[in-house]
Amino acid sequence: RKEVEQDPGPFNVPEGATVAFNCTYSNSASQSFFWYRQDCRKEPKLLMSVYSSGNEDGRFTAQLNRASQYISLLIRDSKLSDSATYLCVVNAVVRATDSWGKLQFGAGTQVVVTP
Amino acid sequence: DGGITQSPKYLFRKEGQNVTLSCEQNLNHDAMYWYRQDPGQGLRLIYYSQIVNDFQKGDIAEGYSVSREKKESFPLTVTSAQKNPTAFYLCASRRDGRNTGELFFGEGSRLTVL
Chain A
1 RKEVEQDPGP FNVPEGATVA FNCTYSNSAS QSFFWYRQDC RKEPKLLMSV
51 YSSGNEDGRF TAQLNRASQY ISLLIRDSKL SDSATYLCVV NAVVRATDSW
101 GKLQFGAGTQ VVVTP
Chain B
116 DGGITQSPKY LFRKEGQNVT LSCEQNLNHD AMYWYRQDPG QGLRLIYYSQ
166 IVNDFQKGDI AEGYSVSREK KESFPLTVTS AQKNPTAFYL CASRRDGRNT
216 GELFFGEGSR LTVL
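Residue numbers (the numbering used here), protein chains in the order written: chain A, 1 to 115; chain B, 116 to 229.
A few of these clues could be false.
Stated by the list, open to error - Mimicking DMTMM-like on lysine to aspartate or glutamate, the simulated pairs with C-alpha atoms at most 25 Å apart in a straight line are:
| # | chain 1 | residue 1 | chain 2 | residue 2 |
| --- | --- | --- | --- | --- |
| 1 | A | K45 | B | E130 |
| 2 | A | K45 | B | E217 |
| 3 | B | K198 | B | D145 |
| 4 | B | K172 | A | E43 |
| 5 | A | K102 | B | E187 |
| 6 | B | K129 | B | D153 |
Calculated directly from the structure, the hints in this document are not laboratory data.
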């Protein structure tokens, strides 16, 4: 089983609609979580950090469910420019004595917003 | 502007040749990473360095080598021992390797072996 799993999609979303997707992680020691956006053939860029209480940034909302070990991303009022691959990143402490975490990447969820 | 610079952006190599990818950052970050991305797969960690003159193997280090002689530089050499080197290579840095902090990426180097 992969340590971080995402539905690869694509999620085809009409412009103006809402889309949501999840990312599951297997390491219960995971301590920090991020969503990155990656455009085709470009580098990933940070979209949001995910806090335990959930957080919102404009049209984007991220939630963390520690009990079920998943994080979610919701995009409201989708724009054409939201078309991208969304990468889930999880940081887990590998050893109790080691504060340096190991970052694990999901393979990404592709979102295609259509006119 | 602070950031990470990777070069070259595109590189073609013949089989059996070594090639070195450059990664420079002026963010004063301690931790630097090299990842490989293949279509349909997540980023896979090749090597990482938490401090100058020290680096650790990642999940797929075979066929690669790195050095960290300066804080701002973390070059990656793809050797002829790497069986399938054609991929998109991403260098990243982070303030430190601890549990918080954004990972900043360079624009990537796309290596094609002919």
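Quick rundown of the hints versus the structure:
1. A:K45 <-> B:E130: With Cα atoms ~32 Å apart, K45 (chain A) and E130 (chain B) exceed 25 Å; violated.
2. A:K45 <-> B:E217: holds, 9 Å
3. B:K198 <-> B:D145: The given pair, whose Cα atoms are some 31 Å apart, is violated under the 25 Å limit.
4. B:K172 <-> A:E43: Holds, at roughly 22 Å.
5. A:K102 <-> B:E187: holds, 21 Å
6. B:K129 <-> B:D153: Given pair K129 (chain B), D153 (chain B) holds - Cα atoms ~19 Å apart, limit 25 Å.
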